[in-house]
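Trainee: Protein chains in written order, with numbering that gives the first Met the number 0: chain A, 0 to 223; chain B, 0 to 223.
Derived by calculation from the structure, the hints in this document are not laboratory data. One or more hints might be untrue.
Straight-line Cα separation of at most 20 angstroms, DMTMM-like style, residue types lysine to aspartate or glutamate; simulated pairs [as the list claims (entries may be wrong)]:
hint: 1; chain 1: B; residue 1: LYS204; chain 2: B; residue 2: GLU194
hint: 2; chain 1: B; residue 1: LYS198; chain 2: A; residue 2: GLU146
hint: 3; chain 1: B; residue 1: LYS159; chain 2: A; residue 2: ASP126
hint: 4; chain 1: A; residue 1: LYS192; chain 2: B; residue 2: ASP199
2 protein chains.
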Amino acid sequence: MMTSYMTDNGFEVAAARSGRDLDRVMASGGKIDCVILDVGLPGEDGLSICRRLRGKSTVPIIMVTGRGTDTDRIVGLELGADDYLPKPFNPRELLARVRAVMRRSTQGEQPPGEAPQSLTFEGWRLDMARRQLFAPDGAPRSLTSGEFNILSIFCQNPRKVLSRDDLLDLLHGRAAAVFDRSIDVQISRLRRKIEINLKDPSFIKTVRYGGYFFTPQVVAAADN
Amino acid sequence: MMTSYMTDNGFEVAAARSGRDLDRVMASGGKIDCVILDVGLPGEDGLSICRRLRGKSTVPIIMVTGRGTDTDRIVGLELGADDYLPKPFNPRELLARVRAVMRRSTQGEQPPGEAPQSLTFEGWRLDMARRQLFAPDGAPRSLTSGEFNILSIFCQNPRKVLSRDDLLDLLHGRAAAVFDRSIDVQISRLRRKIEINLKDPSFIKTVRYGGYFFTPQVVAAADN
DNA sequence: CTTGACCATGACAATTTGTGACACGTACAA
DNA sequence: TTGTACGTGTCACAAATTGTCATGGTCAAG
Chain A
0 MMTSYMTDNG
10 FEVAAARSGR
20 DLDRVMASGG
30 KIDCVILDVG
40 LPGEDGLSIC
50 RRLRGKSTVP
60 IIMVTGRGTD
70 TDRIVGLELG
80 ADDYLPKPFN
90 PRELLARVRA
100 VMRRSTQGEQ
110 PPGEAPQSLT
120 FEGWRLDMAR
130 RQLFAPDGAP
140 RSLTSGEFNI
150 LSIFCQNPRK
160 VLSRDDLLDL
170 LHGRAAAVFD
180 RSIDVQISRL
190 RRKIEINLKD
200 PSFIKTVRYG
210 GYFFTPQVVA
220 AADN
Chain B
0 MMTSYMTDNG
10 FEVAAARSGR
20 DLDRVMASGG
30 KIDCVILDVG
40 LPGEDGLSIC
50 RRLRGKSTVP
60 IIMVTGRGTD
70 TDRIVGLELG
80 ADDYLPKPFN
90 PRELLARVRA
100 VMRRSTQGEQ
110 PPGEAPQSLT
120 FEGWRLDMAR
130 RQLFAPDGAP
140 RSLTSGEFNI
150 LSIFCQNPRK
160 VLSRDDLLDL
170 LHGRAAAVFD
180 RSIDVQISRL
190 RRKIEINLKD
200 PSFIKTVRYG
210 GYFFTPQVVA
220 AADN
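Please construct the entire structure, taking both the sequences and the accompanying hints into account.
Mentor: Okay, structure coming up:
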């Protein structure tokens, strides 16, 4: 139940049934943002799991405890749990605490690598840092956020055929439904704002049976 | 009883018998690390005290209440309490929570002198110390405290898409309810004060389905 | 030239966001 | 205590954006 609630709210969840199970999940490679630990797990005691986790990782831990187990809760916090929640609890509260804990732990984090701040093509400049497009004459050309998203996907994948499926996936992380024409329409709208001749588009070419193709050479540029 | 217990454990305690009393203690100058607030106080309601405290201070608040219902807990947390303890509780647990809350609140604390006193963007200057915004021409632009809070969150997280959830969380430490539009309204009010063209905002962009995005480059500046 | 699949786009619907109006709580002054 | 001003959340409706559909155009193969 909690898994689906968290999933609905945009988290990826891996459930573990026991300490052993948890180890498996932790070891399986993916980065874990937060552990929610029920001390009432069968098998290895939750407190011991907590201590063990703390020994090898700084991952945030939220402990969920049953009623009337003051001692557990105290020991949990003293063992380095970041927060705890007595049962029964409101799912919404768990959500709020997970967010709070994750925010605290990611506070100092830097996004790795440096994304270029501007991409230029045929005189146009797409300022990624400002989410703003500038025409060759320097005038800003305002795009809706969907148009900007598509254009930045093209700029990051120039001279490549992108299928509707690819585009939809890169845009929304979802697969295309069979009759989905929404990409076509968005392309049409974007063309209106950057193409000179709509009857013979030069930037965004249609690839029949294939998808779309962004023709310009794109160069990363310093931002100024 | 609690006073002597806490004192025995190395804390300095100032007891207050009412909201009025608390104000007196808070005003008396000493730095307060944590407030333990019993909602069952006679006189001013604990929740109202909590709200009032939050309005003027970021001091950690632990609420103690007799009625251990979800609703109270959530209301308390939404009003900005940092933790919540149902009665009856074990003194040792209170101790653990006080320590946890204090650990959290000092965690992100900047050694004084390192926190930039001013942040500048596109000629504007946000004076963190005075909670005051100055336009490029040097004229002060007065912001309400909510507007200031949002703007400072943006200045601390520029060029990042912040969801309404993130913003609400950073503002009040609470999760967004489904129909919560308060962020939109606050953004709208803030835009009115800093954007030149409300129809095509340049500082705060909307990211549809995503949240908001603060475009300027922000530079910490010495204060003078 | 015809055919059938595919694509472009106007028109409209659904969804999401913007914002004026209002209500409520608080602060402050009279 | 009362009156006034202010800040902020909520609501309702307006505006903007995006998705869906239908129509007509385009293209390649035969």
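Trainee: Checked against the structure, which of the hints given earlier come out wrong?
Mentor: Per hint list: zero violations.
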